[in-house]
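Read top to bottom, the protein sequences are chains A and R. Under the working numbering, the residue at position 562 of the first sequence is numbered 562, and the numbers go up by one with no gaps. Numbers in the working numbering are just positions in the second sequence, counted from 1, shifted up by 612.
Calculated directly from the structure, the hints in this document are not laboratory data. Among the hints, a few may not be true.
[Stated by the list, open to error] If you want a taste of the chain R side facing chain A, the calculated C-beta under 10 Å gives, among others: (1) 650; (2) 651; (3) 688; (4) 689; (5) 694; (6) 752; (7) 768; (8) 769; (9) 772; (10) 775; (11) 828; (12) 874; (13) 878; (14) 879.
[Claimed, not checked] Chain R regions said to be covered by chain A (calculated; three or more residues, Cβ under 8 Å): (15) 753-767; (16) 849-862; (17) 865-871.
[Claimed, not checked] The list that follows gives simulated cross-link-like pairs (lysine-lysine, DSS-like), each with its CA atoms no further than 25 Å apart: (18) A:84 <-> R:789; (19) A:133 <-> A:84; (20) A:242 <-> R:843; (21) A:611 <-> A:84; (22) A:409 <-> A:358; (23) A:242 <-> R:656; (24) R:656 <-> R:671; (25) R:829 <-> R:843.
Just so you know, even glycine gets a beta-carbon here, dropped at the ideal spot from N, CA and C.
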Amino acid sequence: MKEKFAKISVAVLAAVLVLLIIGCSPSGQTPESIEVTRVVEVVETRVVEVEGETQIIEVTRIVEAPAEEAAEAPAEEEAATGGKTLTIGMSQEPRGWGVLVSQIARIQVEQSMNAKIVYRAADLSVQPWLTEKIPSEADGDLVVNDDGIMEATWTLREGITWHDGTPLTVEDVIFGWEVMVDPDVPAFGKDIAQLVDRIEKVDERTFTIFWSAPSIYFDQGWYEHSIPLPVHILGDVFESDKEAFNTHPYWTTEFIGTGPYEMAEWVPGSHIELVANEDYFIGRPNIDRVVWRFITDSNTLMANLITGDVEVVVNPGLSIDQGLIVQEAFNNTGSGTVEFIPGFGWDWIVFDMAEDPKFADNRVRQALLYSIDRQAMVDALFAGNNPVAHGPIPPRHPLYTDEVAAAHKQYEYNPEMAAQLFAEAGWTPGSDGTLVNAAGEPFTVSIRTVIGQKDKENAQAIIADYWREAGVQVEIDNLPTAEVYDNAHLFQFGWPSAFLFNFGGNPNSYPDSYTCDHIPSEANSFSTANLGQYCNEEFDAIYNASPIDQVLDPEEREALAIELMQIWTEDVGFLPLYYKAEVVAYRTGITGVAATGTNEGWVYNIHEWDKE
Amino acid sequence: MILPVMVIISVLVYGLLVAMPGDPLDALVFGSPGITAAEIERLKDLYGVNDPFPVQYAKWARQVLQGNLGYSRAYRIPVTELIWPRMQNTFVLAGLSLLLSAGVAIPLGIYSAMRPYSVSDYLATIFAFFGFAVPNFWLALVLIIIFGVRLGWLPPGGLESVDVGPGLWAQLTDRGKYLILPVIVLGFSSMAQWMRYMRSSMLESMRQDYVTTARAKGLRERRIVFIHVLKNALIPVVTLMANTIPIILGGSIIVETVFAYPGVGKLLYDSVTGNDFAVSMAILLFLAFLVVVLNLVADVAYGLLDPRIRYE
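Let the sequences and hints guide you as you build the complete structure.
What follows is the structure, encoded as structure tokens:
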């Protein structure tokens, strides 16, 4: 018997040891990680002008070396573990790179690896990045021809190379656009890219984009996803096999860009490690190594930030209430800063007017909006950081001038006005205070939002209370994310009479989603975003006579925006609730963070960030 | 028997996944307001989303039989590449928590049974009920706040440190630090359950005639408990443990999410919510296979522990 116990004990101990060894083996040696080791060799030395300063740069070639060789190169190992390391946290993990993936997390991490034609700075100005300047009519490189075709001519900066050492070419730029508009490539944002008729090479660094009609997106290349792609890696497979192209490892494990950092290791589900690109065309980054950590539970992400295991958190990361908790912790210890940046997303309520015609009467919608004290709601829920929304254009949007703001009809909390409008629409209080119509039917609303999205659920509960006070019978009917985002639910009006949801929004969004032909229908394959079924012929006539995203003159654009917002806010096809602020947090000693608050990336200047 | 069971399970699971709302192209439609119906149909044909269920299943089954688990549409890499490393992480987490649970539950159960209705037995019972009642995610957050944020002794989630030094020992201790809290949380509820089973099974066995006989023969109590009673008392506990392993793996979904630990549980959750069929199928089938195999293991262990049980 003793022997048996001894055998069992030895077996258990052996199992523990095996598990420990497997578990504690360095991640870089497990198959999950993508270990990329590079040897840099200097090819030539050039004198270039970067942002007005003359700099001497060494043009280098990066040669990939097998991991075994890396083990024999102590200098490489030192570079990997030494120097300054910065850890950035997010609650979402990128699922690949490039225009095949629509994810804020993808955009954030990719921005630290890959430069675009332009970037948007914290002041929301669009700045040239891979290019020397943004075309303008004054400089003669932006021309609108008599036939309506607009030509924008761009010049690439000198000395830009991909991370593998291959020079960036105009062919790469044109290829980036061709991929976006190819019908077999499921690229995001292709609707704007399709407005470009063609891109022509002028010389080795210059190209002209021909837009089918004037477009305010001209200053961003062919829209915000203007990213060149390496022809030398993807060109052949794009021509021969689209399925193989769409699943090419370039989009995941073999990604290279032209940006300040190169991918060194990706441990899916955990982190991505980047190392400084010695040849970054603007200058070597100050921080040697950046580790993006992905912590999907935002409470755990918050704990990591407070303890310093994560040093910066960008979007998607902390909610407003979590930002307030971290701010308090930081204030107590002086260990960091939390910024609440007015964003571009906004939450709203829409109604299924086809299903329940009472909501088609705009007096009813106005009355419902007058019934809610939105200021009290945002003060209670977000400590005032999410301002009350009055329309679809957020205050930081380039279109939101003082004059445009003044054109908005505002609906301050006014229960008397609400009661009056309900009465005008035929809804008066019954004996128990419930609003009823002439036939004695009660005024009912069944409102849905997404289970688990606390901000929305809390707002919904408060709104339901205000509406009950006004005499409305409210039923709450929420669903989980997967069902809410299902096409048949979201775009084919599978929701009950009211739906509390959101638009992401960015500085590029213009009020085109509110025309009648943007109501989702079979004709447009239920892919358009006018979920409020907002349809006003006067609005459409103004918009179609001169589509606002085709008007280049800012004053004309402002005049149009004033007219459109006057109509929109009178109709309130969408009940605007609040604009959403974004949260960025960083620990003391980290400098250079200047988040934009847009969904176009916040780390455009990461090469300037530093750490004490 | 395993093969037909697995085939039936695979058809059922595949059917359920296909019946779920949404398909892999929904996100594209949501993010591309200008996309046309023709473009969507073209892409659906390309992805095989429009194929009827039997065709989709047959395509998938043929791939699997050829050793190809498919391609993750969400992560854009082959499923095997995605799952295997995460499975290793989950095995480590679940394996250590299993050892911790067994290592605490069995001795504590024996101790309680040897002193029934004593103060220490009541304390152990309170501990067990606490283990039953406390949800994983709550315990995880409390431990993170205490040991991660307040005391700063352990990292508040993750797989490994950013700046772990070279050398196996440094890497071992670093990984170990990250495993302590998730292992405790994952093992906690099964620890409580097994302790109660062990206690009642021991009490049951101690009432048997052969124990009275052993005592009458003048054997020492320690020898009676550890040699005669324990072996018999372990039979139901071993069966329970074998059946709890898939539950521990299932419980790892929450623990891995809260502790940001890249394991297969979290991947399953992400793949189901993200309509990543190939990944969901592979993980669910693996879990089903594990249940079938562990039932077999429990039956074999049963036979080993109790010589009266023989399988024809």
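Do the hints match the structure? See the list:
| no. | hint | verdict |
| --- | --- | --- |
| 1 | 650 | holds, 8 Å |
| 2 | 651 | holds, 6 Å |
| 3 | 688 | holds, 4 Å |
| 4 | 689 | holds, 5 Å |
| 5 | 694 | holds, 6 Å |
| 6 | 752 | holds, 8 Å |
| 7 | 768 | holds, 4 Å |
| 8 | 769 | holds, 4 Å |
| 9 | 772 | holds, 6 Å |
| 10 | 775 | holds, 6 Å |
| 11 | 828 | violated, 21 Å |
| 12 | 874 | holds, 3 Å |
| 13 | 878 | holds, 6 Å |
| 14 | 879 | holds, 7 Å |
| 15 | 753-767 | holds (count 7) |
| 16 | 849-862 | violated (count 0) |
| 17 | 865-871 | holds (count 3) |
| 18 | A:84 <-> R:789 | holds, 23 Å |
| 19 | A:133 <-> A:84 | violated, 32 Å |
| 20 | A:242 <-> R:843 | violated, 63 Å |
| 21 | A:611 <-> A:84 | holds, 7 Å |
| 22 | A:409 <-> A:358 | holds, 22 Å |
| 23 | A:242 <-> R:656 | holds, 14 Å |
| 24 | R:656 <-> R:671 | holds, 15 Å |
| 25 | R:829 <-> R:843 | holds, 19 Å |
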